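Colleague: Which chain is which? The protein sequence lines are A and U, in order. For the first sequence, counting from 1, position 292 maps to 292 in the working numbering; every step adds exactly one. For the second sequence, counting from 1, position 214 maps to 1214 in the working numbering; every step adds exactly one.
Honestly, the hints are just simulated from the structure, not real lab data. Small disclaimer: the values here were computed from a predicted structure and weren't measured. Every residue, glycine too, gets a C-beta built ideally from N, C-alpha and C. A couple of the hints might just be wrong.
Taking lysine-lysine pairs in the DSS-like style, the calculated list, with each CA pair at most 27 Å apart, reads [what the hints assert, rightly or not]:
1. U/K1477 <-> U/K1537
2. A/K272 <-> U/K1477
3. A/K200 <-> A/K166
4. U/K1010 <-> A/K166
5. U/K1535 <-> U/K1493
6. U/K1425 <-> U/K1236
7. A/K272 <-> U/K1010
8. U/K1301 <-> U/K1466
9. U/K1301 <-> U/K1425
10. A/K272 <-> U/K1466
11. U/K1477 <-> U/K1493
12. U/K1493 <-> U/K1537
Beta-carbon label-pair distances, calculated as ranges [what the hints assert, rightly or not]:
13. U/G1154 <-> A/D68: 54 to 60 Å
14. A/G165 <-> U/S1030: 53 to 59 Å
15. A/G293 <-> U/G1154: 42 to 48 Å
16. U/S1516 <-> A/V7: 40 to 46 Å
17. A/R159 <-> U/P1091: 29 to 35 Å
18. U/P1200 <-> A/A146: 46 to 52 Å
19. A/S241 <-> U/S1030: 38 to 44 Å
20. A/E74 <-> U/G1154: 55 to 61 Å
So the derived list for chain U, only partly shown, Cβ under 8 Å to chain A, looks like this [what the hints assert, rightly or not]:
21. P1068
22. L1071
23. C1075
24. H1078
25. E1084
26. R1447
Spelled out, the chains give:
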Amino acid sequence: MTDLLVVSDAGLHCPAGGFWIDPWRSVPRAVITHAHADHARSGSDRYLCAAPGKLVMRSRLGGTVPIDTLRYGESTTVNGVKVSLHPAGHVLGSAQVRVEHAGQVWVVSGDYKTAPDPTCAPFEPVRCDVFITESTFGLPIYRWPAPDTIAAEINAWWRANQAEGKTSVLLAYALGKAQRLAAMVDPSIGPIHGHGAVMKLVRAYRDSGVRLPPIDAVPARAKRVGQGRALVIAPPSVAGSGWLRVFGEVAVAQASGWMTVRGIRRRRGFGKGFVVSDHADFPGLVAAVEATGARRVLVTHGSSEAFARFLRGRGLEADVLATRFTGEQPDRDETGDETGDETGDETGADPP
Amino acid sequence: MKRFTELYWKLDATTLTSEKETLLADYFRSVPAEDGAVAVDLLSGRRQSRAVSTALLRSWAAEAAGIPDWLVEECYAHVGDLAETLALLLPEPVAGPETAAATEWGGLADCLRGTVDSVRAEADEGRKRAMVEAAWRGLDASERIVWHKFLTGGLRVGVSRTLVARALAVVAGVEPAEILERLVAVRLETAEDYRELLNPTATTTSRRPYPFFLAAPLDEPPAMLGDVAGWQVEWKWDGVRAQLVRRGGETALWTRGEELVGPQFPEVVAAAESFPDGTVLDGELLVVRAGRQLGFNMLSKRLHRKIPARRDITELPVAFLVYDLLEAGGVDLRAEPLGQRRRQLETLAALRGWPVFEPPMAGDPLPSPARDSEPFSLSPVLAPSDWAAVASARATARDRGVEGVMLKRLDGAYGVGRTRGEWWKWKIEPLEIDAVLIGAVAGHGRRAGLHTDYTFGVWHDGRLVKIANAYSGLTDKELTDVDRIIRATTLEKKGPWRGVTATLVMELAFERVAESTRHASGVAVRFPRIVRWRKDKSPAEAGSLADLRALVASVEPLPPLPPTPRSIPRPGERQTMLWEEGE
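Extracted from the complex, chain A is given alone in its bound form (with noise of 0.2 Å):
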């Protein structure tokens, strides 16, 4: 029986349907798990993608491009395919593809993350016969605490700063993580402020119908803001950098899941980490393939090789599959989130 889905030039390709998945090319048909820049590239005739994500999507392809939308759960038929888009608990809108032709029944994951995220709808398993999956914290070490102790040492770091007359500075992914952390916060310790990366899709997010704390923007030329009160949220590319200036002395701190090493978190040199990722943890990974109930398993960006070899030592038959989605990344600034750097691009393989 032929794949009904390979890797093409372009990207993930459905011969039999004629559309690619998060394509890094310009395809005419593109369907896209969630607005994360290494998955969602413009350039594209047309795209399809879940219903709860659409004005996320917009903000990020930006123009008119027609951009066709699925509910949860609700299928298409794309040229004789069956299409249909499920919650993968990643960001707003985010969703695994299901394609399903020929009695055959694919999962393409996208990015997912199986922990409880209250700006977005969870992961939903979906029976397949073939799951391609991520593997970006692969590894047995990246377990991940419980949100509820690690927004409880969020709230106590704050204050604590705020004892010592410093603002907070919380380092984050623009799209997803800085929403998820402004709602996992509590409000009532101070004001909240964000980057003006974070607002744009802060606004997004609401225009969507996502309850958000009140969060304000830094406004231009602005001399003293929050100082030593506020907690700001603001993607990594700030640290060091002049626009932390008007929040006087600060303390900063990075939210990801690669905070879990200590070696990477000295390198990052903010002396905090809070271990807070969008992506599923080790024992996450292994409860989602085992829920698809999948005898073939493709996995892709991160840990891939390792995670393979550990789901063949459990008698399925797993392989890596090469694409160019690189998922959050221990030394980069997001997946080419925020000021205009394209940092999601693999292909970046030429010297700049």
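Chain A is fixed; fit chain U onto it per the hints.
Modeller: Okay, now just chain U, sitting in the frame of chain A:
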């Protein structure tokens, strides 16, 4: 134990030396003396013996975590620290009376002298394992890391001995150098030892070195320095700068970093036994065998062996090349002009029978008879007629295994720190080649998870052959950029190693190239480091093996071992040698 773990993580969280000093001082001030003694021992890097082999720990942890052994190794390669890897892999701790008992270790001394020692002493593997597992159940990840480091003897916190001494000095109210000396003299075992260490009364006889006077790199033509006759010209040795201080019947050997290295070089200390009190020599430590100096890496072997084996001393005998006399008969000579000090030093060398060590050119006959038995030699002065002669001497530096020449103003005093205009170092230019990055492994510590340890190749017969591994020279930003490119251009993986498509060209610098049978390329480069990332060059434009071979210094066989092992006089065993005051 709890307090020490807290200290460990607080030290980990800051990069500021001043903050670390405060944390250490607060800790030393507040802990019971018996814990203080153990903590100083641990923090100042004394070797601990391991209580469990890491192989056993790995396999127990793999089983506890329910994962195969290879995955533990995969995680270790990613994390770059075994203690941390295992701590992250183990199941969550469980609360309960059993675990509470296992972790009630009280103080640090109880933990190390009690729990860790009993694990070490336990011969039965099953019982050993049960003890370790009981502790695991009661500890969280951050505590487990410290516990693993206790078990494996690999505790490093990023504080130097000097920093520990500074913190202790604050607590005791004495000079840091005083503490450093006491740390050498006092074996820290009991609470009493710790109290003695912190005794606010300074010892009467200090064996502190003088601040080292340093040379600045020469960045102008030497003719700008005026008449060559006003300068003392010496070789710039490729060793470790050191001061030997003999006072109060004891000898202290200090490196420029104010580390006490006497225990590493017992042959030097023993030979200084016959020196009178009040003698301070400035010079260089080098490995010299059969009249030839061996490379710096041989010296670092000795430097890292806290107590050398007899074999080390036979195979890698260390010489102290004296180039300055800072104190004689208890009189500080530093204010005297260099010319004066040199005359006094030469008189002393003649009286002691110290040979002058001339660095031989490759191919020169070995001096005969070999003088390995006398660790002290006089570092010679060159007598150039003009600056051109200095330049031609410098041009032979590479063949002599030295780094260049030193220019010291003859009428100058021995100053403090780096005073421009008094002492210059005129080093030879390093050799360079453009090489292609062909593979990498992830680094450790701050470089965990980043591919920063590179393998480089040059062209030979249309393919790239490996010539060097190098990992220093790039900025943090460049390291992350290169990591991204390595990930994107990976062709093959062998364990943690990634072979990549040739896209990156780096300019490498190194001190020497030698023929080598141990390397597939047939050459070995010395001290390779990255000078710059040649973004302007494509791999095709990189250097070739023929280019590198053209730089090979003439073939230099290792000098033979002396026929019989030298006898090392034990400290305290006086040699009968005549000593007379110079001048």
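Colleague: Now look at each hint and say whether the structure bears it out.
Modeller: Verification of the supplied hints:
{"no.": "1", "hint": "U/K1477 <-> U/K1537", "in the structure": "holds (20 Å)"}
{"no.": "2", "hint": "A/K272 <-> U/K1477", "in the structure": "holds (20 Å)"}
{"no.": "3", "hint": "A/K200 <-> A/K166", "in the structure": "holds (26 Å)"}
{"no.": "4", "hint": "U/K1010 <-> A/K166", "in the structure": "holds (19 Å)"}
{"no.": "5", "hint": "U/K1535 <-> U/K1493", "in the structure": "holds (25 Å)"}
{"no.": "6", "hint": "U/K1425 <-> U/K1236", "in the structure": "holds (7 Å)"}
{"no.": "7", "hint": "A/K272 <-> U/K1010", "in the structure": "holds (11 Å)"}
{"no.": "8", "hint": "U/K1301 <-> U/K1466", "in the structure": "holds (25 Å)"}
{"no.": "9", "hint": "U/K1301 <-> U/K1425", "in the structure": "holds (26 Å)"}
{"no.": "10", "hint": "A/K272 <-> U/K1466", "in the structure": "violated (40 Å)"}
{"no.": "11", "hint": "U/K1477 <-> U/K1493", "in the structure": "holds (24 Å)"}
{"no.": "12", "hint": "U/K1493 <-> U/K1537", "in the structure": "holds (26 Å)"}
{"no.": "13", "hint": "U/G1154 <-> A/D68: 54 to 60 Å", "in the structure": "holds (58 Å)"}
{"no.": "14", "hint": "A/G165 <-> U/S1030: 53 to 59 Å", "in the structure": "violated (26 Å)"}
{"no.": "15", "hint": "A/G293 <-> U/G1154: 42 to 48 Å", "in the structure": "holds (44 Å)"}
{"no.": "16", "hint": "U/S1516 <-> A/V7: 40 to 46 Å", "in the structure": "holds (44 Å)"}
{"no.": "17", "hint": "A/R159 <-> U/P1091: 29 to 35 Å", "in the structure": "holds (31 Å)"}
{"no.": "18", "hint": "U/P1200 <-> A/A146: 46 to 52 Å", "in the structure": "holds (50 Å)"}
{"no.": "19", "hint": "A/S241 <-> U/S1030: 38 to 44 Å", "in the structure": "holds (39 Å)"}
{"no.": "20", "hint": "A/E74 <-> U/G1154: 55 to 61 Å", "in the structure": "holds (57 Å)"}
{"no.": "21", "hint": "P1068", "in the structure": "holds (6 Å)"}
{"no.": "22", "hint": "L1071", "in the structure": "holds (6 Å)"}
{"no.": "23", "hint": "C1075", "in the structure": "holds (5 Å)"}
{"no.": "24", "hint": "H1078", "in the structure": "holds (6 Å)"}
{"no.": "25", "hint": "E1084", "in the structure": "holds (6 Å)"}
{"no.": "26", "hint": "R1447", "in the structure": "holds (7 Å)"}
When the structure is compared with the earlier hints, violations turn up for hints 10 and 14 and for no others.
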